[in-house]
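Visitor: Chain by chain, the residues:
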Amino acid sequence: MSNDDIRQSDPISLTHMMDLDAAGQHLWEPDELESILAHQLATPLECDLLSLNAGLTARLDELNAACRPPIATFADLLYHAEPPTDLLELTKTFAKSCRTNRNAPLPDEISTVLYFLSIIVALVKCDHRITRMDDAALRYSLDWALRQPWLDGASRALFQQGQERLGSS
Amino acid sequence: MPSFGPADRFPVTQWSLVARAGQDDPELRRKALGELLGRYVPALRAHLVYRKGVAEEKADDLVQEFVADKILEKDLISRADRSLGKLRTFLLTALDRFAANQFRDQQAQKRSPGKGRMVALDERADGLPLGQRPSEAFDVAWARSVIKEALRQMRTECETSDRMQLWGVFECRVVGPTLEGAPAVDYGTLVERFGFRSPTQASNALTTAKRMYARALRCAVGEYAQDEHEVEAEIAELKEILGRAGR
Numbered sequence: 001m002s003n004d005d006i007r008q009s010d011p012i013s014l015t016h017m018m019d020l021d022a023a024g025q026h027l028w029e030p031d032e033l034e035s036i037l038a039h040q041l042a043t044p045l046e047c048d049l050l051s052l053n054a055g056l057t058a059r060l061d062e063l064n065a066a067c068r069p070p071i072a073t074f075a076d077l078l079y080h081a082e083p084p085t086d087l088l089e090l091t092k093t094f095a096k097s098c099r100t101n102r103n104a105p106l107p108d109e110i111s112t113v114l115y116f117l118s119i120i121v122a123l124v125k126c127d128h129r130i131t132r133m134d135d136a137a138l139r140y141s142l143d144w145a146l147r148q149p150w151l152d153g154a155s156r157a158l159f160q161q162g163q164e165r166l167g168s169s
Numbered sequence: 001m002p003s004f005g006p007a008d009r010f011p012v013t014q015w016s017l018v019a020r021a022g023q024d025d026p027e028l029r030r031k032a033l034g035e036l037l038g039r040y041v042p043a044l045r046a047h048l049v050y051r052k053g054v055a056e057e058k059a060d061d062l063v064q065e066f067v068a069d070k071i072l073e074k075d076l077i078s079r080a081d082r083s084l085g086k087l088r089t090f091l092l093t094a095l096d097r098f099a100a101n102q103f104r105d106q107q108a109q110k111r112s113p114g115k116g117r118m119v120a121l122d123e124r125a126d127g128l129p130l131g132q133r134p135s136e137a138f139d140v141a142w143a144r145s146v147i148k149e150a151l152r153q154m155r156t157e158c159e160t161s162d163r164m165q166l167w168g169v170f171e172c173r174v175v176g177p178t179l180e181g182a183p184a185v186d187y188g189t190l191v192e193r194f195g196f197r198s199p200t201q202a203s204n205a206l207t208t209a210k211r212m213y214a215r216a217l218r219c220a221v222g223e224y225a226q227d228e229h230e231v232e233a234e235i236a237e238l239k240e241i242l243g244r245a246g247r
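For the protein sequence lines, the chains are Z and C, in the order given. Numbered according to the working numbering, the first sequence spans residues 1 to 169. Numbered according to the working numbering, the second sequence spans residues 1 to 247.
In case anyone wonders, no lab produced these hints; they're calculated from the structure. It cannot be assumed that every hint is accurate.
Estimated spans, in silico, between C-beta atoms of each pair [said to hold, decoys possible]:
(1) Cys67/Z <-> Glu159/C: 52 to 62 Å
(2) Glu192/C <-> Ala38/Z: 14 to 24 Å
(3) Ser198/C <-> Trp144/Z: 36 to 46 Å
(4) Leu146/Z <-> Thr156/C: 41 to 51 Å
(5) Gln64/C <-> Asn101/Z: 37 to 47 Å
(6) His229/C <-> Ala72/Z: 49 to 59 Å
(7) Arg244/C <-> Pro149/Z: 43 to 53 Å
(8) Leu50/Z <-> Glu159/C: 48 to 58 Å
Keep in mind that this is a model prediction, so the values were computed, not measured. No residue lacks a Cβ here, since even glycine has one placed at the ideal position from N, Cα and C.
Construct the complete structure from the given sequences, taking the supplied hints into account.
Guide: Put into structure tokens, the structure is as follows:
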């Protein structure tokens, strides 16, 4: 960065350098969030959830012996026809811990999507509510998620099912 | 790998340079004022060139004379009544008066044999970015100087605290894209370049760097503003000026 860069920059660009609301600025580009979400969904559950439940490996072995298709990654769990609610709750706990920890491995946007995906999947596929949030608050969160351009198709479809479910309740 | 705790704070003393400029030691006062005014010479010069129609080489001389003779030698700032307004406005008014006096003297000398002419006091728009009005030249140049100083302070802070990765991330994601129109460097590259553990750690570093810059900006303005309230008002006004000039 040289003095010339500042001298030649147009005033509108410079207004951004006068903007002190650093927290309000987007840290990640949409294509980056899309990649991070894809990476997170392909991550084995044990990578992130084992620290929250030491018995996770045994639980997955037990589940995968009994049900098909097997569940290994977050995508396997969230897109499963009959996902176990205890693992959805564990996913929700993990996502929430990411939101409250500044050094968490996930950007806020991704942990938020993961958090609401686990809630919606439990509601839509297991008819089980794993949150104390009311329908209005959930609908607001689903609307936010559906506005994100980087959301993958399968997750978007789940949120839309959630919207339909909440809309009719 | 470095940790990213709360960034070190910049000094928060308001009016630090101007206050030092009011101290009794004349040498210290001259040094502090010279340092402060040196940053805003481009703004004073832009005002003379674009608003007053002074030839560029003459504007340089006039600003130098103004700073050396009027401000430093005659100690204009320590005698100024701060309640009358902001330093920015005060300097502009003083410069206008100084230029007018110089012009009047030159005109008088012109009537004497062997004396040359000096300046014509008319606005001119040539040399200014398209659409920018001559009356805005001073304030826009002032805002540029504030940003330049904030960036300089932030970089120095990163260097002295051995956290150049914060400056690096800020440069790649904010300064380059904003000031040079460069594409934002992706987080994967930042991880490789600066040794972060993960892209998320790089984004956390960016958050820290942005807060650091915000403090540096407040500090740069605080060196000539009277209090916290004036710092915030000045930043908001400069932002508005830049927004208006860019339309």
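Visitor: Please go over all the hints and tell whether each is borne out by the structure.
Guide: Consistency of the hints with the structure:
A C-beta distance of roughly 57 Å is found between Cys67/Z and Glu159/C, which places it inside the suggested range of 52 to 62 Å. For the hinted restraint 14 to 24 Å between Glu192/C and Ala38/Z, the CB-CB distance of approximately 20 Å keeps it satisfied. For Ser198/C and Trp144/Z, the hinted distance range of 36 to 46 Å is not satisfied, since their beta carbons lie about 25 Å from each other. Checked against the hint of 41 to 51 Å, the C-beta distance between Leu146/Z and Thr156/C comes to roughly 45 Å, which is consistent with it.
Range check, Gln64/C to Asn101/Z: about 55 Å between beta-carbon atoms, so the 37 to 47 Å window is missed. Remark: the range hint 49 to 59 Å for His229/C to Ala72/Z is upheld by a beta-carbon distance near 58 Å. Arg244/C and Pro149/Z have their C-beta atoms about 32 Å apart, which leaves the hinted 43 to 53 Å range violated. For the pair Leu50/Z and Glu159/C, the beta carbons lie near 41 Å from each other, so the given range of 48 to 58 Å is not met.
Consistency note: the structure conflicts with the earlier hints numbered 3, 5, 7, 8.
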